[in-house]
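Hints in hand, dock the two standalone chains.
Here the protein sequences come in this chain order: A and B.
Numbering of the first sequence is given in numbering that gives the first Met the number 0, commencing with residue 0 and proceeding in unit increments.
Numbering of the second sequence is given in numbering that gives the first Met the number 0, commencing with residue 0 and proceeding in unit increments.
No wet-lab data here; the hints were simulated from the structure.
It cannot be assumed that every hint is accurate.
Claimed, not checked - Here are some of the chain B residues that sit facing chain A, going by a computed Cβ distance under 7 Å:
#1 165
#2 260
#3 262
To be verified - Computed footprint of chain B on chain A, listed as stretches where at least three residues anywhere in the stretch have a Cβ under 8 Å from a Cβ of chain B:
#4 210 to 222
#5 281 to 295
Just so it is clear, CB atoms sit at the ideal spot from N, CA and C, and this is done for glycine as well.
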Amino acid sequence: MNASPNDVKRAVENTIVGQQAVVEALLLALIADGHLLLEGPPGLAKTLACRALAAALDGEFKRVQFTPDLLPSDVVGTRIYDQHEARFITVLGPVFANVVLADEINRAPAKVQSALLEAMGERQVTIGLQTHVLPDPFLVMATMNPLDADGTYALPVAQMDRFLLKVNVGYPSREEELAILERFAIAQTQLTTHAATLDDVRAWRVAARGVHVDAQLKRYVVELVAGTREAESPYIAYGASPRATLAIVNLARAKALLAGRDFVLPDDIRSVASGALRHRVGFSYRVSSEGIDSERLLSDVIDGVRAP
Amino acid sequence: MHDVSLRSGLQTPAWRNAVAAACLAVAVLLAPACVWAGQLQPLHVLQFTLSSDTATPTLERRFHLIVMVRVTQHITSLRNLILPNFSGLEILGDEQRLIARPDGTLYREVITVVSHQTGSIHIDPAYLDAFDTQNGKPMRFLSNALTLQIGGGALMPVRLGGMARTLRRAALLLLTLTFWGVVALVCIVVALRLAVERSRSRGNQVVAAAPAPVAPSPAPLTPAQSVGQALSILRAQPDRLGALRARALLWEALGVDAGATLSDVLRSSRVVDSRLRRALFSLERASFTHDGDLTVAVSAALADLECAYV
Chain A
0 MNASPNDVKR AVENTIVGQQ AVVEALLLAL IADGHLLLEG PPGLAKTLAC RALAAALDGE
60 FKRVQFTPDL LPSDVVGTRI YDQHEARFIT VLGPVFANVV LADEINRAPA KVQSALLEAM
120 GERQVTIGLQ THVLPDPFLV MATMNPLDAD GTYALPVAQM DRFLLKVNVG YPSREEELAI
180 LERFAIAQTQ LTTHAATLDD VRAWRVAARG VHVDAQLKRY VVELVAGTRE AESPYIAYGA
240 SPRATLAIVN LARAKALLAG RDFVLPDDIR SVASGALRHR VGFSYRVSSE GIDSERLLSD
300 VIDGVRAP
Chain B
0 MHDVSLRSGL QTPAWRNAVA AACLAVAVLL APACVWAGQL QPLHVLQFTL SSDTATPTLE
60 RRFHLIVMVR VTQHITSLRN LILPNFSGLE ILGDEQRLIA RPDGTLYREV ITVVSHQTGS
120 IHIDPAYLDA FDTQNGKPMR FLSNALTLQI GGGALMPVRL GGMARTLRRA ALLLLTLTFW
180 GVVALVCIVV ALRLAVERSR SRGNQVVAAA PAPVAPSPAP LTPAQSVGQA LSILRAQPDR
240 LGALRARALL WEALGVDAGA TLSDVLRSSR VVDSRLRRAL FSLERASFTH DGDLTVAVSA
300 ALADLECAYV
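So that you can see chain B by itself, here it is in the shape it has in the complex (with noise of 0.2 Å):
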């Protein structure tokens, strides 16, 4: 009878509204979820850190956060990061970067901040919000948090008064205003006595001589000419000493920094003629090979330098 009675009250017009108006509610609530994981950045996040460029920040004195977040993805925007609140902080600047990179992009946002109180100051994680590539699933990324003691020195207050305010900045001023009369005073007395050397010195007639021209500064090496030096070098000096000499000039002059190894010089794109390879790897057997080796060795490198040169 009971049971009669409950299924009746269900199937009443009243009963039904009342379930139709609850779904709706819970479409409504769920809806913008939907939208957001549909709006989400698919990215596979390798580093995401936030830090200070130094470890002891002081009282009014600029400092920078960083927060770095490291992808696998070429991506031209991050959306959905959302940093934290610096409360404690005055927010100077702020400079965000994308840097593309082989291995994926590497996105670097610097804010600048000043702190005008002692103490520490912490500051929560940033969030990232993303599609994780790793396992489908929306979610949020986040960083380390940051605690940092703001030092100030033991004269400094921590809030300076209206008073103490107005003292300061006039001590400024006259320290200001004592520089800057010291610095005139000198130029002043530095003029005079140019004048009067240079009076002594018409009375004396003598002439000066006329500055030494400057030397106009090489022009940078194209690389047949850095050939044609290498192989003078190791003409004149046909051993180690020389051969490590003539691979440094044309190392330098296919623009490879000098603590390179030959792969990296190779992969440079100036080094695509076959000969002047085989001469790099001739220099580079001369170099480092044993003693026993190393006539022939430079003697190769000659010969491969002159069919380079050629």
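In isolation and in its complexed conformation, chain A is listed as follows (with noise of 0.2 Å):
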């Protein structure tokens, strides 16, 4: 079977109804081999959407849901004594699955956030003496309440920089809530299945590496990365890191990948740059102090350099 990304999205958006930056953003980071942070107010199907692609790709899908007294060892796993047995054996943690959803992941206390991120960069985890690889795809989609602030531990910059893209979730509008009603008000969820492979999926990515990047274009992404360093505004506090630039190619080339091209355009570098900096870029306390939107300063930001 060779299925086609857009036949994966077209089965997740069978069961979401709108919430297209989500369904497009997992995709891009499944196709990118990348984890995908999101930041919205809960109801807003996120879970749904994480075990639709599951789903759809016949992958296993994890859930954890991060608090203050989780472990580290309830998210990896951990060994325990098998009384039968009479010797330790392992039990792996829900972090062994191809589709993992860490709810509130700013809940947890930094060693279990440590445990996960480090999980997602190194695609393995060592119990004991053994080391186990995680299932290849392996996606993380990870998400942050903004609401409930109270006793919270925010992610530290260097771990929010693991995540290949952040995606800012709102609230449906009048006409997809109305959808909503209609589709999930009377019947039970209805996952579409085997729309492609896990084996698709690694052919994806590497057909995705195989995307061509012009060297006009590399040059923008760099200038739009040094942008965010070199932006004398008073709102910034500091720029993104080297690993922004590879986020963003690696975006831009799925996304192509995802229309159907072998080569990237201008226009995907720039439709992919704010998911990739949102969370790499530090705003000063004024932003918040005075009440201004950190989307267009980014965004004034990516506008003020010139595409080829």
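Structure, rendered in structure tokens:
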């Protein structure tokens, strides 16, 4: 079976009403072999989107609700003593799945966040003396709730940098909410399965790595990221790291593949830039104290760099 | 017994009159507040700042204080905005603008001021009374406060006295007269020299060459003409560079900034023809595709441009 990423997109859209930005971000992260950070209020079908993606790929889905009393072993796994066998056995944690939803990641202490983020980076987990390789493909979608900030542990900058892109999710439109009522008030949620296989995903990743990026476009990406560091704005405390440069190029390649092209266009880069930079640019305290929209600041920086 | 006397006391006409008067007084006091709440604009305030256009204001040199209010509503006026007292500054002008934006309205008030004394000046926050659509309550929004450090140079006195001011004016007058005197002298010398040269050239009977005719500035290209020119460029240079040049020419003719992307171009109201849209995408492909696809991409761009030109 040679399914295309758009088959998976359609399968997820059969389940989710609206939230096109989330669905596209999930696919981009999947193709670009990265992880996704989502910020938005609860009740916006984030779990359903992840479950729908895993079902469409015939992959395994696990969800971890991050709480202040969570331990690293609750995420990655642990060794327990089996009385019948009279020996220690390894119980693998929920991180061993193809699609993992880390719900409200900022509610758990730093050591738990660190355990998950290390697994995301290394693609393997060491429990006791044994190292276990995580499944491939492996996609983590972490969520953060902006409404209840009390008792949360903000993700450090270095940890945020590990996410390929960040999406801010908003409420659906009135029409979309009406469609949600129509779809979910009567029947149970139906997930579309067998839209693609895990082998297809691996093939897309290989294809995405071969998507051509012209030298002018590489220069454009570098200028975009440098623009965040050199912006003479009192509202920007620090710019994005070189990891952002790689992230933009990988996401633009995935975007081109999703559009059925084997070459990247300037539009691909500009459309993914804010997602890759949003969580990597540090805004000063003045942004919140003066009520300034950080998204507008970021888009000003992006628009300030001339596309080739 | 005590209770009975108290109850009877409350029922006396004098006590009832006193209670009625108190109620009336409370009602009179509350009425303006209710009217005030009713007159407030329903607003969702996103930004409310007070700033200066210069970080280092100078004595006797005008500068601007800027009040910015950004709201999500589309409004034609902003009511109940109260500016602070600009004590220590002389107000020279005040310009107010409401700018409609897709995401709401931006109110920008620029106050031109000048300071006559050096030192620190503190400006209290401006405030805006509005009905906050976020929580459904009347609110008072405050901007930030501003502290300015007026610099004036060590030689400048804080206030010139009467004598010093007269001396300063006299010095300025002297300088102005000297300047204009020098200018007049230079003009006379130049005019004399020109007159001498002209008389010499007349004596030599040399006919000066007529100035070369200035070429009229080219008229802006129509979309059809620009497609034709782009086609010529790509025919003459059927490679990536040619595609980039043709693309740049076409975008300029369509009135799109050179730093824009294809989606900006396609959003333009001048690009409605589907053949032109296809040609634009083909040129984009030829400009950025890989070398293996370049020949095919350039051929496709030529074909689409021809189609759009016809």
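(message) Which constraints among the numbered hints does this structure fail? Numbers only, ascending.
(response) 1
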